[in-house]
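Number of protein chains: 2
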Amino acid sequence: MAVYTKISDSDLHHFLADYDVGRLTSYRGIAEGVQNTNYLIHTDKDQFILTLYEKLVDEKDLPFFLGLMEHLATHDISCPLPVHDKNGRVLRELGGRPAVMVTFLDGFSVSKPQRRHCADLGTALAKMHLAGADFSLQRPNTLSLDGWRQLSGKIMEKMSSRYWTWEGANIDSGIIMRIILDELEYLRNRWPADLPTGIIHADLFPDNVFFLNDQLSGLIDFYFACNDFLAYDLAICLNAWCFETDASYNVTRGSALMNSYQKARPLEQAELNALPLLARGAALRFLLTRIYDWINTPEDALVTRHDPSEYLRKLRFHQQIKSASEYGFEK
Amino acid sequence: MAVYTKISDSDLHHFLADYDVGRLTSYRGIAEGVQNTNYLIHTDKDQFILTLYEKLVDEKDLPFFLGLMEHLATHDISCPLPVHDKNGRVLRELGGRPAVMVTFLDGFSVSKPQRRHCADLGTALAKMHLAGADFSLQRPNTLSLDGWRQLSGKIMEKMSSRYWTWEGANIDSGIIMRIILDELEYLRNRWPADLPTGIIHADLFPDNVFFLNDQLSGLIDFYFACNDFLAYDLAICLNAWCFETDASYNVTRGSALMNSYQKARPLEQAELNALPLLARGAALRFLLTRIYDWINTPEDALVTRHDPSEYLRKLRFHQQIKSASEYGFEK
Chain A
1 MAVYTKISDS
11 DLHHFLADYD
21 VGRLTSYRGI
31 AEGVQNTNYL
41 IHTDKDQFIL
51 TLYEKLVDEK
61 DLPFFLGLME
71 HLATHDISCP
81 LPVHDKNGRV
91 LRELGGRPAV
101 MVTFLDGFSV
111 SKPQRRHCAD
121 LGTALAKMHL
131 AGADFSLQRP
141 NTLSLDGWRQ
151 LSGKIMEKMS
161 SRYWTWEGAN
171 IDSGIIMRII
181 LDELEYLRNR
191 WPADLPTGII
201 HADLFPDNVF
211 FLNDQLSGLI
221 DFYFACNDFL
231 AYDLAICLNA
241 WCFETDASYN
251 VTRGSALMNS
261 YQKARPLEQA
271 ELNALPLLAR
281 GAALRFLLTR
291 IYDWINTPED
301 ALVTRHDPSE
311 YLRKLRFHQQ
321 IKSASEYGFE
331 K
Chain B
1 MAVYTKISDS
11 DLHHFLADYD
21 VGRLTSYRGI
31 AEGVQNTNYL
41 IHTDKDQFIL
51 TLYEKLVDEK
61 DLPFFLGLME
71 HLATHDISCP
81 LPVHDKNGRV
91 LRELGGRPAV
101 MVTFLDGFSV
111 SKPQRRHCAD
121 LGTALAKMHL
131 AGADFSLQRP
141 NTLSLDGWRQ
151 LSGKIMEKMS
161 SRYWTWEGAN
171 IDSGIIMRII
181 LDELEYLRNR
191 WPADLPTGII
201 HADLFPDNVF
211 FLNDQLSGLI
221 DFYFACNDFL
231 AYDLAICLNA
241 WCFETDASYN
251 VTRGSALMNS
261 YQKARPLEQA
271 ELNALPLLAR
281 GAALRFLLTR
291 IYDWINTPED
301 ALVTRHDPSE
311 YLRKLRFHQQ
321 IKSASEYGFE
331 K
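Chain order of the listed sequences is A and B. Just so you know, this note's numbering puts 111 at position 111 of the first sequence, and the rest follows in order with no gaps. Just so you know, this note's numbering puts 214 at position 214 of the second sequence, and the rest follows in order with no gaps.
Pulled out of the complex, with its shape left as it was, chain A reads as follows (with noise of 0.2 angstroms):
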């Protein structure tokens, strides 16, 4: 949510001298993503967006995420494809940072989700893991089993030291400890092995999905992609798409994406099987990584803190689920 590389004209005017992209006319640093600095470029030809990767990206994941966005992008899949340059490319360095051009999508988020929304982002999810089939590259998923207990570590010798609380719940730091670690036991027994794997989105939430005239016009922000179960990414889809504010879960709009999902990309009766228990350990991981966001941001920061306990009371939703028809997916 801020610049933090702050490029000079000067150095943009240099930068964009290797592109055939036209002559810049306005380039304004955007509120986008809390993990890198965004800016918006105008030229006389197109808009752009530069993406400039600070310290949180690890370096060596990118020829993977920009390799994967390239392969999505020219497979029918509509997400920024990178630019290159004219000498080919695509990684280039601007302000000390890691920096890249990709191309600017219309269309914009939805804070309200509704049925259509649900459908079409189903569709999109399942042609996505389709397209992604024979792309070459690899990254394991750091946010899976593994992940969750060293974040559950780093949490616990925080949480220890005071009390926390957050605006959705006044919780026992002890209590929510023992959920935690009582969630990670119980999938750490049950976590499937076979299911059909390849590559996920892995942070398909409203933010970064848009819609220009309520048709899906676009997926971005591909940065947690990975190799991994391909249901569990529509478990975080249930997560991030399908409860009410209230954490009540909404069958119509979880009906909409399973089924549409399952047109396009029929799942497998194990994964059905295997859908509580993924959308547990999405709940989980989200859950982890916003109290390690809570208790890591200091109060007065200008960046949007997200209440953990909205993916606890998800969590508890989750638990209760024996099988995937209870989602609303129809046989």
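Read the hints as simulated data drawn from the structure, not as lab findings. If you're wondering where the values come from, they're calculated on a predicted model, not measured in any experiment. There are no misleading hints in this set.
When chains are identical, the list treats them as one kind, so a pair holds in a single copy or across two.
Taking lysine-lysine pairs in the DSBU-like style, the calculated list, with each CA pair at most 30 angstroms apart, reads: (1) K55 / K6; (2) K154 / K60; (3) K112 / K86; (4) K112 / K45; (5) K112 / K127; (6) K112 / K55; (7) K112 / K6.
Fit chain B to the given chain A structure using the hints.
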């Protein structure tokens, strides 16, 4: 430098329905201005800046600021033009904030102004002063002598409580307080009373002047504009545009600024005589606000704090100046 107020797509759709601006295709929060929330709006017809005024701007001043922009834009000064809705209103409300849409200006600020930029600036500043002559609203300058005294009091109170340092200087707080009080006393006894007055921008730093293809393309950010001595605006520009980063004065740029101003609006002898004094006042004004911001901004806030000592060095420079000719002014 931040998006303080988040706007949902449905709120924005509702808001834009009252305007004849085309269909929304994209909106992004932009990192512009420390005081307000700004969105860059794309429609299928054009681009606009949507500003939500945060609490730092006094609502009662908005008719002055918006009226001034409209007055100047319709008097041949390139600046953002407030957009009227279908009912003729300019000042609206969105997200619980006063909200205004203005036209988008092509161009961008130069980080290292050259002689030609200063010459263009001088012409634009003089033209703005002339165009403002028949603007009917008035707003006193709250950051002149009285304002400086009040600000000094607040700074003294806070600075006496601990030792402060900033990048450019390790100066004893007591010495800084002495310099400020001496300068205030000096200016109070000599500040002119009878120079030509009118509408001044009062914050025309390089950030607030856009260039396109090396021609000045517009002036922005009128939220310090007020009625005061016209030559004081020129003195602010001398401070903001004509020093090197080490605070040494660049007489080539100063000469370009002053002499191009003079061609469009000839300065009276009294204004020229007062210029060194006005330049001291301008340096003190920015020294005070920078110190105030520095000691009131948390060190870990995601906001760029400007080094106050830059203006201490500029103030000392002006204290040595005897006449406008030393700034490069040619009779």
